[in-house]
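J.: The hints should help you fit chain B onto chain A, whose structure is shown.
Line order of the protein sequences matches chains A and B.
No gaps in the numbering here: position 338 of the first sequence is 338 in our numbering, and each next residue is one more.
No gaps in the numbering here: position 286 of the second sequence is 1286 in our numbering, and each next residue is one more.
These are calculated hints, taken from the structure and not from any lab test.
Incorrect hints may have been included.
Unchecked claim - Now the stretches of chain A that chain B is said to cover, found in silico as 3 or more residues with beta-carbon under 8 Å:
#1 62-75
#2 213-223
#3 241-251
Note that the Cβ used here is the ideal one computed from N, Cα and C, for glycine as well.
One-letter residues, chain by chain:
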Amino acid sequence: MITTRRGILSLAAGVAAGAWARPSFAAGEPIAIGAAIPTTGPLSLSGKQYFNTLTMAEEDINKSGGINGRPIKFVIEDTGTSNSTAVSAFVKLVQDTKPPFVFLSSYSTQNLATAPEVVKAGIPVMYAGGAVAVSASSNGWMFRIRPTDSLAAHGMAQFAKILKATKPGIMYIQNDFGQGGAQAAAKQLEAAGVTPVGSEAYGQNDKDYSAQLLRLREKGADVILTFVYPADGALLLRQIKALGLKTPVIASSASFLPASVQLLSPADLVNVWGVIDTFVDASVGGRMADFVTRYKAKFGQDGDAYGLAYYDGALILAEGLRKVGTDPKALRDWIASQKAWDGIGQTFSFDQEGNGVHGVAVVKAKPGTKTLELVERLKLG
Amino acid sequence: MADLIQLLTNGLALGSIYALTAIGFVIVYSATGVVNFAAGQFVMVGTFAGVATLVNAGWPMPVGYIGALVVMALFGALFYLIVYLPLRASPIVTVIIGTVAIGITIQNMALLTFGSWPFPVPSPFDGMMIDLGGTVISAHAIAVVIATGVLILLLWLLMHRTAIGIAMRAVAQDVKVARLMGLRVQWLLAFTWILAAVMAGIAGLMLGPMWFADVNMGDPIALKAFAATVIGGFGSLPGAIAGGFFVGLAEVLGASYVSSAYKDLIAFGVMILFLLFRPQGIFGEKIQDRG
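Chain A on its own, in the form it takes in the complex:
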């Protein structure tokens, strides 16, 4: 125990020096921000990424001084797998926490169900689902931080042309996301003078796709465009190889999430291209390398583009809160005014419908490996 005057003075000096050397941590009453995201059930496969990146963003924002000295705190409610749970989660956040801003799920069906409540609550939200219908019902309060499905479909159709495909087939999950993507891709392909030879659907709980794939083979598809969720996207690629199909595949972003790629062998990824949001890889360098490295160190798994969208969204929000405070309308107007916000994964430019992302990237696995490489970036919006 230190009892001498010199000892006490040394200790006080040490504490003072330590406080000076530490980064400026935020203090005071936290600003509570809502996040209604899926943390249980099948959708938690991607929801866990948002949970992780929002946790990471909270720490980073607070370490760098918070919101003008006040810490930020993300209050998370689980949207589960159903639309009604998603609506309840949002309403609970609004009533209990009264946040100036909420992050929503990346699942369009949940966001479509929640949209009327968002408008009623009159607070801005960010979401990551791709269905075009969501922005149409947002009334200016909803901001999308991932590409729209039609944008991704546009990219896939454009890349099918680059591959010189003349008989594309489409395979999609039977929900708003899959149907919307498949229709948008078919429209883009037809506009380019290429008519899809077939369009096959599968249910969200289906695990065998052989019938649909063999039908596309029978129709002579020379490329297959897939609109999938993560686990079924991986299973689909594996079954394509198991059926001996050599047809090239252009897959939507979920097939190339780390959660999906870890399920596959290098052979499963031969002749497969992915149209993804952004190339999340340390080789990009700069802030991306820092994000990728820190995420892996913190959570023990690779971060993905969906999670990164929420991290970038949190940083946009933090800057908005610092500049205009917690008034929901002022915050909404500030976010809507951002035209070239430089995030880690994207440069966000919000249009009149609240869509912030206007480009996609095409990736492919390096031969004989599961390491992804960037093929090209497509600026579409």
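T.: Relative to chain A, chain B alone:
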């Protein structure tokens, strides 16, 4: 023709899994009168027992498979002790709701333990394809069908040619009389749960390489296996087998020759028709009151 062979193989492999899960439904229902709505989660636990032994522990395949089945036997015994025994005197609805609740609990425990990312599960036939003049068939799918056939044969031998099997059938027919005949009913009921869990474990180990190990994989299996059980006849082992293969084939062939969007309508539509016009199923007896 090439397509048909591939579809039949996949349909039979899928049907095998449904059949094994449906057998689990039937042997528990016959012996205890309980419709185990956690049956799908039993299969999921079986797959993750394989993940634990084969992937996480890195045991060689034969040892890993045996280890996973020992885990499943213990799981069946625990389920009997913790879920069935405390609830056995309760109304049957309570027991059924109990199995639903424990199913959800098991699923969330798996989520907490293994996380939300699916796992690839190895198979002894990984990457092996059989090429029949341009028709490529997965060796694993063929192995699943053969293994299911062998298991069904072994189960028949157990039930009809061993003392324990005959005693189980006696309990299934009339618990009171079985007890009066001096049979150790509680031990036999425990063995029934263990057998159901091991069957589900085998289904899970065979299913893992086909579907990946996913904590949410139990529900779709349970739904299809339930349809298979209703179609085949609740309480009938041949019914469970026939129903399982019917649902598997209907799913794959229906998607190919009818519509991929409405393929589930075939299996569930047939199930509804059976419930309306032949509730005892194909092989079930008309009167199934237990003694």
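J.: Failing hints, ascending?
T.: Number 1 only.
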